Amino acid sequence: MRLEVRAHPPRWLVVASPVAAILLAMALAAIPLALAGADVLAAYRQMAVASLGSPFALTETLTRATPLILTGLAAAVAFRARLWNIGAEGQLYLGAVVAVALGSGALSLAPPVLIPLALAASALAGALFMLGPTWLKLRLGVDEVVTTLLLNFVALLFVGMMLEGPMKDPMSLGWPQSAPMVDAATLPRLIGRTRLHAGFLVALSAAALIWLYMERTVWGFETRTVGSNARAAGFAGMPVARVFLRTGLISGALAGLAGAGEVMGLKGYLTQDLSPGFGYSGIVVAMLAQLDPLGVVLAAIFVAGVFVGADSMSRTVGVPSYIADLVVALSLLAMLLAGLVTRYRLRR
Amino acid sequence: MTEAFDILLQASFWAATLRIATPLIYGTLGELICERAGVLNLGIEGIMTLGAMVGWLAVYEGAPLWAGVALAASVGMLAGLVHGLLTVPLGLSQHVTGIGITLLSTSVASYTYRVLLPNVSTPPRIEPFPPLAEGWLASIPVIGPVLAQQTALTLAALALVPGLAWLLYRTPLGLAIRAVGENPAAVEAQGIDVYALRIGAVVFGSALMAVGGAFLTLSAFNAFFFGMVNGRGWICIALVVFASWRPGKALLGAILFGAFDAFQVRLQQVVGGAVPYQLFLMLPYLLSILALVLVSRRAAYPLALMRPYLKGQR
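Going down the list, the sequences are from chains A and B. So the first sequence is numbered by UniProt numbering: it starts at 1 and just counts up by one. So the second sequence is numbered by UniProt numbering: it starts at 1 and just counts up by one.
Pulled out of the complex, with its shape left as it was, chain A reads as follows (with noise of 0.2 Å):
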């Protein structure tokens, strides 16, 4: 009996694994929540009613999915260039520190100027943000994953610096917090009472978009390339440096623009605690998702209701709901394995 490398994996087994992984993470995630003295069963149902069980809980899943989707898919497009970015956290924050320089009171524009150009403001942002590491790993073979890393912390602490200087709301009482944003940079409410907003529309047509973008361009067909082999790439014409380039623009900017939602559509202002790591969720998504920019809707999707989940059933059940981060690190490990089972098969 031996391994071989499966040439092209059945449609069964690519849609089948990640459902396999979520399920061995859950199971794994199940010690830890026994050990705490919980019901595991209840738990878990308690779970699934709170992220999904009405459509209220439905629409507060789909909210806490719209920036893990766009940190999903900077990491799904670097990631197939096998382009290391995992600095969408500060990429995110720095789209944000962009939105709300323009959304809160600097510009009197009407919304559907002012929206879009603050979309696009932090997007760039983002994009300029991995422009540094993206370079330094063409122009000097510096690892990005380090550097991406690194800037996270940078980019945290100049939110701190902003929020407690020139961005500072003078109407909070100490607690550093920007300006809230204007009526017209806030992205409107999808359904009445509900906090899902326009962002989930934005991140479904990023998503489209990376879709197209990846399989039905050129540039996507290169970038593609260069991830399973820059040197064939090189060797066939391609730009391979532009590839890397373009792909760490886009990453970032996608990063960005998941900032740019939170601060216009959700929380309307700027604090420093904006994102509980959806930078490194992101990761976890597009894993999930197998790098599929379709796959990451659903893959966000599911981290989003883990989240939203926990949150409730820590209140009930008494479990910390640091048990979504655990179930979180375990579907990443566990879509590892996964991935393994599409890749090869048993041959006697």
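Each hint can be trusted.
Computed footprint of chain B on chain A, listed as stretches where at least three residues anywhere in the stretch have a Cβ under 8 Å from a Cβ of chain B: (1) 132-144; (2) 148-157; (3) 161-173; (4) 280-286; (5) 319-328; (6) 331-344.
Since the hints were derived computationally from the structure, they do not count as laboratory data. None of the values given here were measured: they were computed from a predicted structure. All residues carry an ideal CB built from backbone N, CA and C; glycine is no exception.
Fit chain B to the given chain A structure using the hints.
Coordinates of chain B only, in the frame set by chain A:
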């Protein structure tokens, strides 16, 4: 200018330097061993967090300090074992697995802490390692007063550097570790199990990372906070490249880094409120990137770093 120079002459400055450098020494040496064997370990940030929490928890629950260190090391080994099993025999992406280990270890740490202490808002303190103060060490001229302010864990870190250098460059095991990161096929041709060697190196390296984390709670801050590792793990990864994968240079890098960090803290006090303090806090991260840029031209990565070795394949 003279003020800046005066800082460099204070024993307290150099004592702070060593204190800041200690977790970085452990982390950098741990990562160095992993990478020398050909495995990038991005689990470092989470393993340090887990080590910090476990070491603190053990002592908080009444265990002796050294038992806390040992427990932290064992939990680090466990996390390293998972990373090793996933990346070595299974050959999974070292980048993504490492990030997964960091996310997992960090969430295990936060979850465990919150399960055991659901309602505390101020982190409970423990009695940390005492400074060495007395003894013959303090009587050494020049460096004596600096060492006297350190704890046993810092001294152990300093002793670890020559120990590890000896292991890597003077023993058959060290030769095998270095070789397996350059040319695993050649190592297997010698009848050495590549998988066992690589997993062993990752497990040992991860134990060191966890001890580096435990230093934070058992010697530096006396309590566990969320996010207390604060990017130190990532800085260690930069330091390994800066040190060209050599233990001696790793020590030098960690001390340079510590000196810079201690210096900026003192400079903050001198400059006062004229410059936002966040700018100073950014410096360590920017300095790490600068260090990577400086050595980028001559960085000689271990040849087989991040290349999974699959037995029976060429």
